[in-house]
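Q: What follows is each chain in one-letter form.
Number of protein chains: 2
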Amino acid sequence: MFYRSLLLPDLRMTLEAGDTDGLGEFCRALHAAIVAEVLAELDPSELWTVLRACEPELQAEIFGFFDETIQVSIVGVADRKELSKLIEVMAPDDRVDFLEELDEAQLEELMPLIAQAERADIRKLLSYPDGSAGSIMTTEYAWLREEITVGEALDELRRQAPDSETIYYVFIVNENRCLDGMVSLRELILAKRTAKLTDIMNHTVISVRVDDEAEFVAREIARYNFLAIPVVDSHNRLVGIVTGDDALDILEEEAYEDVQRTAAIEPINESYMLTPIFELARKRGVWLVVLLVAALMTAFALKSYEEVAKEHVWMAWFIPLVLASGGNAGSQSATLVIREIATRRMSRRDKFTIFFREIKLASLLGGGLALLSFLASVCLVDHVSQAVVVTLTVFLMVMMGTVCGAMLPIFIEQLGMDPALMSNPLIAALVDVMGVIIYFSAALAILGQVVEHVPAL
Amino acid sequence: MFYRSLLLPDLRMTLEAGDTDGLGEFCRALHAAIVAEVLAELDPSELWTVLRACEPELQAEIFGFFDETIQVSIVGVADRKELSKLIEVMAPDDRVDFLEELDEAQLEELMPLIAQAERADIRKLLSYPDGSAGSIMTTEYAWLREEITVGEALDELRRQAPDSETIYYVFIVNENRCLDGMVSLRELILAKRTAKLTDIMNHTVISVRVDDEAEFVAREIARYNFLAIPVVDSHNRLVGIVTGDDALDILEEEAYEDVQRTAAIEPINESYMLTPIFELARKRGVWLVVLLVAALMTAFALKSYEEVAKEHVWMAWFIPLVLASGGNAGSQSATLVIREIATRRMSRRDKFTIFFREIKLASLLGGGLALLSFLASVCLVDHVSQAVVVTLTVFLMVMMGTVCGAMLPIFIEQLGMDPALMSNPLIAALVDVMGVIIYFSAALAILGQVVEHVPAL
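Taken in sequence, the protein lines are chains A and B.
For the first sequence, this note's numbering begins at -12 and goes up steadily by one.
For the second sequence, this note's numbering begins at -12 and goes up steadily by one.
Hints were generated in silico from the structure; no laboratory data involved.
Values in this document were obtained by computation on a predicted structure and should not be read as measured data.
Treat the hints with caution; some may be incorrect.
One copy or any two copies: either way a pair holds, since identical chains are not told apart in the list.
As the list claims (entries may be wrong) - In silico lysine to aspartate or glutamate, EDC-like type, Cα no more than 20 Å apart, as pairs:
hint, residue 1, residue 2
1, K72, E55
2, K179, E143
3, K179, D90
4, K338, E257
5, K72, E134
6, K72, D6
7, K179, E12
8, K179, D142
9, K179, E139
10, K297, D369
11, K290, D369
12, K270, E327
Chain A on its own, in the form it takes in the complex (with noise of 0.2 Å):
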């Protein structure tokens, strides 16, 4: 934001003037993240205008720093040669990611433009399936074979540096292609320039596969604090690395899906800003009709104590609110075993111990918010007996939303489906049904015998 105000005037002058020396010089001169951001307040011709006037390397990387909305306007703009060399130097990863935005018009005008080796590699990278290792790794990283002295692996790191997304993990592999150890730049400085690599490399190397999940690769990549993590095929050959900044890329992005399902929204990938409008609708509206279903159910269920509700009129004052203390005790305890499933492993254990815990915990909480809730509802109603309706109903919610909330999910799991699944308001409005049935029975028990008890006076 800063920059952009402060840089963007200046630009704009050097892009009227026509000054392509300036223009490189601006993008030289800044890092390429905050060029990339001033730039994206431009159209995509000017943008284009700018990126030229710097070499295709340094046009890769502010590339890399778009979103992919504004990596598809430039396509539009751009002189097919000169976006193939752009593509030709991104980083394989970047460069797939990109590639998979476009159409298959675009894709046949370009694609006999790039190199025949970056061809190759596009095409395997495509073919590991979304959401994999394969399909978030980069094939450009540094190797070295063991046999070699640490001054031979020093000079061979220096020619394999343009090429390779880190030098400061170097994974060493042997004639087939297996990995078999890594190195790590400093110890590879810090060790004799005679000694043997195979004497100073690290022997056991922690590695993913191609096919593991992008989460979990990102996982270990937090869990070990590691700054690469090498991929592997099934026959343990080297294929590619993950490195440290996609690993967080990937966990921010997890997060947010996390979050959106916890709200019922089906996850939108992009900013809230770049989706259409009608694929806002669709993600938001194809959870609130299930939601719109579940709460018909508490209407029939409400409509089925309709003798009792003529009789008591009081008891619809309460029905949010009992209502809502199921859904909130249960949107929480959703919200901490939720978490608590993704991050770890649970053993059968756990998972009883996780139970016990929130049965406590509902105790505790559902006593203290009955304590209220009868000191508050004592003052609405004309009988005592009311009051202890909508007390004993409010426990019994905060004791039954609590237990759902933290069941619901593990159950999930158990079917081997996605726990985030159960959103809040999806428990919320399923603790809705019983709540009615829950909120009618203690009517039932409570003031049927007021009613009978009464006319006795």
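Starting from the known structure of chain A, arrange chain B on it as the hints suggest.
A: Chain B in isolation, oriented as in the chain A frame:
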């Protein structure tokens, strides 16, 4: 999980045999993160016996991977002298996090045993407020003066490596320790040994201030794909660095806090299992009480329509349905808008754009849900006009819920508060009160006429 069950029996046997060499070997053979996970299964004194079997540097590395509960439990059983050695070689940022968990008495026992230099470092880091860049940075960074050659720089780095968290980013400071530039180890390796550092270094460096928020620091690291970011004081003096793996932890933590706030839970920093039950009850109870009070408003609102409700008992059936439509639509909007606010600064124009998008969306979603509600409610009620009341209310509720859900977080942010405080249940509760008014007003407007009309037949 996998590691635990595989390695634990073997480790227990080594422990029982009192085989110190075997224990040391166990610690050295595996990644420190895995060792920590396996050791977490032992009781504190067993754990300390294993840890003692290896050198302090490795002890500190493994210790850094324990969660705080385990770290603190070790203090109860470890020899004071040995523990202070471990503390001395810990990474400064991990060390401060650990010491903050100890009580006065424990600190008074330990601190005098820690070497003077480390004690000064601890005091300095403890002085930065919680949640600031200063509180998460490490003081062990690699630094150079710019007047030397690349060859001299590499030699100096070899000296600094053992005491630096990373040597991949090296920071250049002047005689007053002001940050003047940075150079990556990659650049150093690729340059000629005789080149002057000042010719190859980057003279503009992106840095953060020691009082910047930790979350901001983490976002800057993510934005630029940095491995580390330098932290400077108000005089641009380099005081520390924050590394990429810490950024990852911070963003994960922030994301989880947001999820909890969304579900109306005061954020729990530790794991669910480790949080004492009364603390959990308090952090959940506070919000349940707030929401109960909000629900009482709804009860009051409903009571004020007592006469209408008596005449139209069927209206009670749809109370949960109409209120939930508004609450669910509001939760969805709030979730998406809170995210927009968190990840980018919004101009006034952006806010208007959001407002109009949400209005459009609300019309689409409200229209769809209203249609479904009509079809469903018409089966439940006696008269079409009653279904019309439900339909109109659902439409208005979705409109109002969506607009409130989008606008309340923006409003809260304008007041300088965290928009995540506007949790989904709170939005639902506020929408409920207004919902009652809408529902009964709609009934009075539509049925008022019908009631007059029916007797005229």
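Q: Hints the structure violates: just list their numbers, smallest first.
A: Per hint list: 3, 5, 6, 7 violated.
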